[in-house]
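Peer 1: The hints should help you fit chain B onto chain A, whose structure is shown.
One line per chain: the protein sequences are A and B, in this order. Just so we're aligned, residue 2 is where the first sequence starts under the numbering used here, counting upward by one. Just so we're aligned, residue 15 is where the second sequence starts under the numbering used here, counting upward by one.
Everything labelled a hint here was simulated from the structure, so no lab data went into it. A couple of the hints might just be wrong.
Said to hold, decoys possible - For lysine-lysine, the following DSBU-like pairs were computed, each having C-alpha atoms within a straight-line distance of at most 30 Å:
hint, chain 1, residue 1, chain 2, residue 2
1, A, K80, B, K177
2, A, K102, B, K79
3, A, K26, B, K29
4, A, K80, B, K176
5, B, K176, A, K33
6, B, K82, B, K240
7, A, K80, B, K39
8, B, K176, A, K102
9, B, K245, B, K79
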Amino acid sequence: MHEVSLVRGVFRSLEEEFNSDQLAKMQTIRMKIGLLSNVEPVLMQNAFNAVKEDNPQYANVNLDIESIPIEVHCDICGKDSVVSNYRFVCDCGIPTNNVVKGEELLIHQVEFLD
Amino acid sequence: MSVEKSNKAARGTVKCENTTLHLLKANDFVAEAIRKEMADRGILLINMTSSPGSGKTTLLQETGKRLKDKINMKILVGDLETERDADRLRDVGVDALQIVTGGICHLEAQMVHQGMEGLDLDGVDLLIIENVGNLVCPSSFDLGEDYRVTLVATTEGDDKPKKYPRMFLTSDMMVVSKSDLLPYLPFTIDAVTEDARDINPSLDVMTVSSQSGEGIDAWCDWLLQKVEEKKGVLA
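Isolated chain A, as found in the complex:
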């Protein structure tokens, strides 16, 4: 999608959430990015490095991305199954579009130097 503006959005979200003393100690940003989010982790990582060049205060911050596979929940058998090849079908054979994982685009953990 628009990885550079998303990275700017990451920093903006963190600047709203934490004060400048905390941000100065920020070490690692951990994100969860679902396969359905239209965001490519490698491009995100490169955009992160590019945005850091313009923002020296974040020069020592790392980005860690966890890629999340797509999972659907089946209302018939109650099971969650991983979607492969974009066939939204439960392991029991019933089609379902009840997506429970894979749409994530979120910061889930931030590490600070103590």
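Peer 2: Okay, now just chain B, sitting in the frame of chain A:
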């Protein structure tokens, strides 16, 4: 600029802050505000998406011609540049406002919200948002709509849905357009329906041709029925 991966192990003592910051939170917040306003006013809101050139504006011209005397409908249309689509819609007598995104490849809820301020929504039954032609980015942005309708033209190929899964996953209805060209193309309604329903089993499918008129009345009836349902909730 360094392009290597930068997920090195953290050094020194580290404390963790567990958090959940959604990057689309701002958009979703505005989308909910739009949804609430539309519910209060009893206006049906449709978000129409597709690739460029699949016939969104032409379908909306035909829709406008048939519905403008039956209900009060308005259109917000997004494009990167020019006022051309809004002009085409005004030509058939529909009140339309152009949102020029200036290079942005999708509409965000904030743009729709600002666009709504430029329209007189008193007494309006139906507001259609014609999104920027793009099957990727618009899928991620909730605009507060009741229904998301995605067009696929017969000229695009019946293998489109799985190539752009999130768009079809998040849509309520797929409209196959340019059906008058079916005899000349290796495209079948069955194949595109099967491909799309692998992703989204509850997807509704309609077939239309703005040139021959096939399916346009059924499409307009669907809109009228949904307008009635929305008013019913209000009453």
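Peer 1: Compare the structure with each hint and give your call.
Peer 2: Going down the list of hints, with the structure as the test:
1. Distance check on the hinted pair: K80 (chain A) and K177 (chain B) sit about 26 Å apart at the alpha-carbon level, within 30 Å; holds.
2. Of the supplied pair hints, the one linking K102 (chain A) and K79 (chain B) is violated, its CA atoms being roughly 43 Å apart against a limit of 30 Å.
3. Between K26 (chain A) and K29 (chain B) the CA atoms are separated by roughly 10 Å; this keeps the pair inside 30 Å, and the hint holds.
4. Using a Cα cut-off of 30 Å, the hinted pair K80 (chain A) and K176 (chain B) holds, with the two alpha carbons roughly 24 Å apart.
5. Between K176 (chain B) and K33 (chain A) the alpha-carbon distance is near 23 Å, which keeps this suggested pair within the 30 Å criterion.
6. At most 30 Å may separate the alpha-carbon atoms for a hinted pair to count; K82 (chain B) and K240 (chain B) meet this at roughly 16 Å.
7. Distance hint between K80 (chain A) and K39 (chain B) is fulfilled; the C-alpha atoms sit about 29 Å from each other, no more than 30 Å.
8. For a cut-off of 30 Å, the pair hint linking K176 (chain B) to K102 (chain A) stands: about 18 Å separates their Cα positions.
9. Taking the CA atoms of K245 (chain B) and K79 (chain B), the gap is about 22 Å. The hint holds against a cut of 30 Å.
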